[in-house]
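Could you build all of it, start to finish, from the sequences and the hints given here?
So you can see what is in the structure, the chains are spelled out below.
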Amino acid sequence: MNHNHHEESIEESEIRSWKRKLFGSWIFAIPIAFFMLSERFFGISLFEEKTTVITILVLGFPVVFLFGWSTIRGGIRGLFTFYFNMDSLIALGTVIAYLTGIFSFFGFVQDYSGISAMIMAFFITGKYVESKARGRASAEIRKLLELGAKKARVIRNKKEIEILIEEVNIEDILIVKPGEKIPTDGIVIKGESAVDESMVTGESLPAEKRAKSNVIGATINQDGILYVKATKVGKDTFLAHIIRLVEEAQGTKVPIQKLADKITGVFVPIILALAILTFFNWWFFTSDLSRAIGISVSVLVIACPCSLGLAVPISLMVGSGMGAKRGILIRKGEAIQTMKQVKIIVLDKTGTITKGKPEVTDIYSKVKESYLLEITASLEKLSEHPIAKAIVEKAKLKKYKQVLNFKILRGRGVEGTIGKKKIVIGNRTLMKEKNISTRDFEFTINNFESQGKTTMIVSENSKVLGIIAVADTVKEDSIQAITLLNDEGYRTVMITGDNDLTAKAIASQVGIKEVIANVLPEDKAKKVEELQQQGFVTFIGDGINDAPALKQSNVGIAMGTGTDIAIEAGDLVLAKGSLLGVVQAIRLSKATFRKIKQNLFWAFAYNVVAIPLSVAGLLHPVIAEIAMALSSITVVTNANLLRRARV
Amino acid sequence: MKKVKITIEGMHCASCANNIERSLKKVSGVKGVTVSLLTRKGFVECEDSVSDEELKKAVARTGYKALAVEKE
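Line by line, the protein sequences are chains A and B. Quick note, in the working numbering, the first sequence goes up one by one and the last residue is 647. Quick note, in the working numbering, the second sequence goes up one by one and the last residue is 72.
Read the hints as simulated data drawn from the structure, not as lab findings. The structure presented is a predicted model; accordingly, all values stated were derived computationally and were not measured. Check each hint, because a few of them may be wrong.
[Stated by the list, open to error] Derived DSS-like pairs (lysine-lysine); straight-line CA-CA distance at most 30 Å: (1) 551/A with 25/B; (2) 597/A with 2/B; (3) 325/A with 25/B; (4) 3/B with 232/A; (5) 143/A with 3/B; (6) 31/B with 262/A; (7) 432/A with 57/B; (8) 232/A with 158/A; (9) 232/A with 5/B; (10) 262/A with 65/B; (11) 332/A with 132/A; (12) 56/B with 332/A; (13) 527/A with 504/A; (14) 475/A with 463/A; (15) 389/A with 421/A; (16) 407/A with 381/A; (17) 551/A with 357/A; (18) 5/B with 551/A; (19) 2/B with 65/B; (20) 5/B with 332/A; (21) 65/B with 26/B; (22) 232/A with 143/A; (23) 2/B with 262/A; (24) 2/B with 421/A; (25) 143/A with 2/B; (26) 389/A with 56/B.
[Claimed, not checked] Stretch-level coverage of chain B by chain A, calculated; a stretch enters the list once three of its residues show a Cβ under 8 Å from a Cβ in chain A: (27) 10-21; (28) 38-45; (29) 59-67.
Where a beta carbon is used, it is the ideal one built from N, C-alpha and C, also for glycine.
This is how it looks when you write it as structure tokens:
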């Protein structure tokens, strides 16, 4: 975590450096302001005119060229390399204004050197305030970067030693005492404890951990000692994934920002041209060189690409930070904008609405139950399907039969041979396909299915032996979340590979009226596409099996399982597997987008009003600079106000 | 194709990020660039043949400093 530490100090050192410049510049700028104001408002000159000019030039020099040096240097370099930035405008404005002080000795022009120093002092002040506000805006994200443990206690050569986190290897046994951070992702091998995972998943209740539980690095062990075998280190950990995801998202664009970006790209050269035009115009029409200089300096310093350029990213950053704290990860800025147009929410059933961990609930067998389980578990052992796992868990066999010719028939079941017997296990579709009659079992199957249970028909040599019913229970907060979505006017649709009966039983339990059942995994994306003809669709799935549907939908929301998240699928990713997170994610997206629009409005409005005013000569250069500084501060501060949104 | 993350020092205004994006896009072999002023990070998608040095140079050309180039 050394590296992250380093980043932190860039930010802090930047604020510190602006602060130093701030104090330094005002020490000289305050006396200058005093001279300027006393002369302007009270007509009092402390010294003779030339002495005043010299004093101001001397006092102003450090303000512009010492404390403002980085700005002047960057700005001038920009002018030569054609990579203009805001510094170019400030540098040009202040240097020209400063030079008028020297030229005023020869009587050409009025002295603007005091103004030059004031502009720089206000510019620095603005930058300081802005950097502080930006620091606040990124607070949550920075916290995330610092979340990782720095050290770990491991057993090496049978001795307990403390090492740096970078030195932890996979398979290392880590010892985590109560109150300590779990150093990295791993699996508990000994011990029992409650672990606070709120910092990465947003889940407020501590999770119970015992042997075989997965634990996430950076979460806090609360009451017992845990012995954890490290399974992931460094870049591969859950936290590292979250960090990368959040960081990458900051660079993504929200479509609404396109215009602002385009303008920011050409802003500085346009303002430069405008300032030159303004200068010649005023000079030509009023023959007042001094006034022409003053006004074009105003034009140079009032124009600020920052408010425009910051409007969107700063809001996105505050929004992302708020999300990260709640286990909601915004992967693409675009999703925030699209979310507003979404009308239909399609939810995958398994693992999204339900726990996704089915259990065997009933067994109906024509043969000995133990035999039925033995052959079923022997085949299902070879499959990764959750239903298969439930059966294997139920059977708890010590020894499995040898299975040959094993085949997974996606969305339908499995087949294989044990000895000379051909075993086919699966749903009705599969039985029909294999010409296996289920007639004698229809009543039982229907009975189970009407209760929302999934039935596995077990057949041997084309004869059905029995039915195993498996049910997946609804997550505790699914009902509440779906009620909220329905109340907000979304059309909620459940999609599943299960049959109609099972699907409807679950749907009615949670309050979903529309069900698309019997959908093969590969067809989910197609179904989403069909629904898209009726409106924008959000698809919510676990991100592992549903990647194509997530991609197809307008906004894909991938639900994490608590220890693993599908990084590549989904525009929004939820670290914890609660549907309430979806409600939060939708609210957060909408609130963030509202903030983005507000900020863009203010940034455009500011420039549209301020630039013509200064071209018209109605703004004093110092006032222009203050207005400019305020414009970017306003945008950043407004973004920080997003935190008040109810999410 | 590879994806790299560049940590950039010295950006302080919206045009800065824009300039760096523009400069990086000019490097041959670079497909996509996003630079975030706020996180001081640039993400570049480019051909494997593009060297870290080329990317660093492109950043330097605009007057900023690439502190680190990491492969994603």
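(message) For a C-alpha distance cap of 30 Å, please report whether residue 597/A and residue 2/B respect it.
(response) Violated, because 34 Å separates the two Cα atoms, which is more than 30 Å.
(message) Just to be careful, I want the Cα atoms of residue 232/A and residue 5/B compared with a cutoff of 30 Å; is the pair within it?
(response) holds, 22 Å
(request) Given the hint that residue 432/A pairs with residue 57/B, test it: the Cα-Cα distance must not exceed 30 Å. (result) Violated: residue 432/A and residue 57/B sit about 66 Å apart, past 30 Å.
(request) Quickly compare the C-alpha distance for residue 232/A and residue 158/A to 30 Å and report which way the hint goes. (result) holds, 22 Å
(message) For residue 527/A and residue 504/A, compute the direct alpha-carbon distance and say whether it is at most 30 Å.
(response) holds, 17 Å
(request) Given the hint that residue 232/A pairs with residue 143/A, test it: the Cα-Cα distance must not exceed 30 Å. (result) holds, 21 Å
(message) Check whether the Cα positions of residue 31/B and residue 262/A lie no farther apart than 30 Å.
(response) holds, 19 Å
(message) Just to be careful, I want the Cα atoms of residue 551/A and residue 25/B compared with a cutoff of 30 Å; is the pair within it?
(response) Measuring from Cα to Cα gives roughly 27 Å; hence the hint holds.
(request) Decide if the proposed pair is consistent with the structure: residue 2/B and residue 262/A, CA atoms, cutoff 30 Å inclusive. (result) holds, 27 Å
(message) Taking 8 Å as the Cβ threshold, is the statement that the segment 38-45 of chain B is covered by chain A upheld or broken by the three-residue rule?
(response) It holds, with 6 qualifying residues against the three required.
(request) With a cut-off of 30 Å on the C-alpha distance, tell me whether residue 389/A and residue 421/A pass. (result) holds, 22 Å
(request) Starting from residue 65/B, check that the Cα of residue 26/B is at most 30 Å away, please. (result) Given pair residue 65/B, residue 26/B holds - Cα atoms ~17 Å apart, limit 30 Å.
Violation of the numbered hints given earlier is confined to hints 2, 3, 7, 14, 24, 26; the remaining hints are satisfied by the structure.
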